[in-house]
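Visitor: These are the residues of each chain, in order.
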Amino acid sequence: MIIGVNNLVKRYGELLAVDHLSFSVKEGEIFGLLGPNGSGKTTVINCILSLLDYDKGEIEIFGKVMSPDAYHIKRDIGIVMQNIAVYNELTVYGNIDYFCGLYINDKALRKKLVEEAIEFTGLSEFTKFYPKKLSGGLLRRLNIACGIAHKPKLIILDEPTVAVDPQSRNKILERIRKLNEQGSTVVYTSHYMEEVEQICTRIMILDRGKAIATGTKDELKAMISLGEKITVESFAITKQQLSDLRKLPGIVSVDYRENKLVIKSGKGKNNLESVLEFFKREKIQFGKIFSELPTLNDVFLEITGKELRD
Amino acid sequence: MFTHIFFNRLKCLLRDKMTIFWTMVFPLLLATFYQLAFSNLTANEKFQPVNIAVVDDENWDKNENFRQVLKDVSTAEDNLFNLQVISYDEAEKLLQNNKISGYIIVDEPIKLVVSKSDINQSIVKSFIDIYMQNYSAFDRILSENPAMLKQLTNNTGKRQTFVYETAFPGGKPNFVVNYFYSLIAMACFYGGFLGMREINEIQANISSVAARVNVAPVHKMKAFLSSSAASLLVQYCEMLILLSYMTFILGVSFGNKFGYILITTLIGSIAGLSFGAFISALAKKTEGVKSAILILTTMVCSFLSGMMQQSIKYSISRNVPFLSWINPLNLLTDSFYCLYYYDTLSRYAINIVVIIAFILIFSTTTYFILRRRKYASL
Numbered sequence: 001m002i003i004g005v006n007n008l009v010k011r012y013g014e015l016l017a018v019d020h021l022s023f024s025v026k027e028g029e030i031f032g033l034l035g036p037n038g039s040g041k042t043t044v045i046n047c048i049l050s051l052l053d054y055d056k057g058e059i060e061i062f063g064k065v066m067s068p069d070a071y072h073i074k075r076d077i078g079i080v081m082q083n084i085a086v087y088n089e090l091t092v093y094g095n096i097d098y099f100c101g102l103y104i105n106d107k108a109l110r111k112k113l114v115e116e117a118i119e120f121t122g123l124s125e126f127t128k129f130y131p132k133k134l135s136g137g138l139l140r141r142l143n144i145a146c147g148i149a150h151k152p153k154l155i156i157l158d159e160p161t162v163a164v165d166p167q168s169r170n171k172i173l174e175r176i177r178k179l180n181e182q183g184s185t186v187v188y189t190s191h192y193m194e195e196v197e198q199i200c201t202r203i204m205i206l207d208r209g210k211a212i213a214t215g216t217k218d219e220l221k222a223m224i225s226l227g228e229k230i231t232v233e234s235f236a237i238t239k240q241q242l243s244d245l246r247k248l249p250g251i252v253s254v255d256y257r258e259n260k261l262v263i264k265s266g267k268g269k270n271n272l273e274s275v276l277e278f279f280k281r282e283k284i285q286f287g288k289i290f291s292e293l294p295t296l297n298d299v300f301l302e303i304t305g306k307e308l309r310d
Numbered sequence: 311m312f313t314h315i316f317f318n319r320l321k322c323l324l325r326d327k328m329t330i331f332w333t334m335v336f337p338l339l340l341a342t343f344y345q346l347a348f349s350n351l352t353a354n355e356k357f358q359p360v361n362i363a364v365v366d367d368e369n370w371d372k373n374e375n376f377r378q379v380l381k382d383v384s385t386a387e388d389n390l391f392n393l394q395v396i397s398y399d400e401a402e403k404l405l406q407n408n409k410i411s412g413y414i415i416v417d418e419p420i421k422l423v424v425s426k427s428d429i430n431q432s433i434v435k436s437f438i439d440i441y442m443q444n445y446s447a448f449d450r451i452l453s454e455n456p457a458m459l460k461q462l463t464n465n466t467g468k469r470q471t472f473v474y475e476t477a478f479p480g481g482k483p484n485f486v487v488n489y490f491y492s493l494i495a496m497a498c499f500y501g502g503f504l505g506m507r508e509i510n511e512i513q514a515n516i517s518s519v520a521a522r523v524n525v526a527p528v529h530k531m532k533a534f535l536s537s538s539a540a541s542l543l544v545q546y547c548e549m550l551i552l553l554s555y556m557t558f559i560l561g562v563s564f565g566n567k568f569g570y571i572l573i574t575t576l577i578g579s580i581a582g583l584s585f586g587a588f589i590s591a592l593a594k595k596t597e598g599v600k601s602a603i604l605i606l607t608t609m610v611c612s613f614l615s616g617m618m619q620q621s622i623k624y625s626i627s628r629n630v631p632f633l634s635w636i637n638p639l640n641l642l643t644d645s646f647y648c649l650y651y652y653d654t655l656s657r658y659a660i661n662i663v664v665i666i667a668f669i670l671i672f673s674t675t676t677y678f679i680l681r682r683r684k685y686a687s688l
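So the protein lines, in turn, are chains L and B.
Mapping to the working numbering: the first sequence position 60 is 60, numbers consecutive.
The number in the working numbering is simply the position in the second sequence, starting from 1, with 310 added.
Worth flagging that the hints you see were computed from the coordinates, not collected in a lab.
Treat the hints loosely; a few may be bogus.
Said to hold, decoys possible - Partial chain L-side listing against chain B, Cβ under 8 Å, derived:
hint	residue
1	9
2	50
3	55
4	59
5	71
6	75
7	77
8	83
9	84
10	87
11	94
12	98
13	101
14	103
15	199
Computed from a predicted model, the values in this text were never measured in an experiment.
Think of the CB as a built atom: it goes at the ideal place given N, C-alpha and C, for glycine as much as any other residue.
Can you make the complete structure from the sequences, with help from the hints?
Guide: Here it is in structure tokens:
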């Protein structure tokens, strides 16, 4: 076990930010902490890193109790903050070298690691640039390079793709997966469900400081009653036709708004064929039609009654 | 680890244009401004000979004694008068146009014509009064006892003084130096910007960079001391540049106790840094608000130590001495003042001890705030 959190409670005055949270992260995982803004993801990370004081609970990393002066533990942790944490007065190379130097004393080894981190994050062309000259995506990559240059066993990334363009985001996600392949255990927090689905091997969904579900993405989706979701673009459906649709076997709900028809099936049911047949039989004109399996947003919606991005 | 943090901090500080401006460029500009302003003041302090005229008539030609005396005081190196011998009309015209302070008509008695009563007119009047008193005394003595002529001639110009003059132990009296000393004190305390920055970059609840440093396997106090050493080096070098600029370019005098001046500047720099760190650690506000607090406090303390008006310092020392003792900038200004003027170091030593006490208070408070291992919120 890389991280063990047991019964963690953190209050900000009257607000209960983390509510008796327990979970563990196993070696080699990409563990995702998914939840809307304000759900307590960053607070949990800061408690794990011993930056924040907490009211109750135990936190262990690498099987040892984590504390602010547990330098032997900190030596093997890499952190990529949500906010860019670099010095504006140091170049790209200078920043990576500085933060790597807080972990690695050997100059030759440090040089090698810094160069590897630069290559890994694709910053080779920008080593002499100052942070102010970098684009948002490049800055995020520098932020990552500063956190991972010393090759830690555990990498914690707290919303590393906030305000990053899709192209840079994909590159960042690719690199995180590569870090994991190279042997690092990764804890990844985000409120973007697509990212978490894309890279995490196990996911914990947080809401108001509570773990509402934990498991692989398939396990999470299996927890809810929703199966297939069919969306149809149609301009003329009568009330009677909607009523008849609802009566089809396996259909859980039918919702028609602004020329968009959403048909949800129960778990394990596939209704695309029967829906198409119904449209043909009733001679209903339609544009696009597509079928989706449930997403993590659907999981969140079913458990909490609200959208993940609320 | 110490050298790694130290040298990287040096790089950061030397590239931080805003901090360098406030801690070095601004005091240099202010010193230059002071020099420009005060050079005129000191020029005005130098005695200027009084422009006078004497009416060129028969009496003037006849009164050889007075003519000789007036000529002597108008032609010597430190001449009292700029004398013109002209006609009555010309003298009257010059007086009307304020070209002369007055004109003399040699008569019995000698007359002085002025258009107003001022210091220059008083000088001319005093001169004429003294001349007439001496002339009258000599005339009476010689008429009663002509044998006294030789003795009188020997004693002419001799004065019995009851005030003894001794050599001044320190520098020459100079009312301007205090302005520059208070400026140095202000510059030392502007080093607080560096101390403030050090705290901002070690307190995880203030900046992301600090949070990253806090999760690294480096002791927080060790990291803080390493970077503070870099800040102190930068601050002290800036202060030496300021001192050199004042001494060699502006010609400000600091006396001859150079070693003490360097030590005082170093102590002032430490006081400034620790003050900035203290403000930053204590005030749970944004960086902008903290900078404003630092600038405001420094400016108020500078004002009270006589940076804008010298008399303020003396007025506070006389009427509210307690305020003088709790103002570290005043103590620093006074330390330079003591080194310049005083032969002994007792008052200087007291000032330095109180400044060191301030440093201890600032540092200890900062330490207790910094040593917090975890934060309630970030």
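Visitor: Check each numbered hint against the structure and report the violated ones by number, ascending.
Guide: Hints 1, 3, 4, 15 are the ones this structure does not satisfy, whereas the remaining hints hold.
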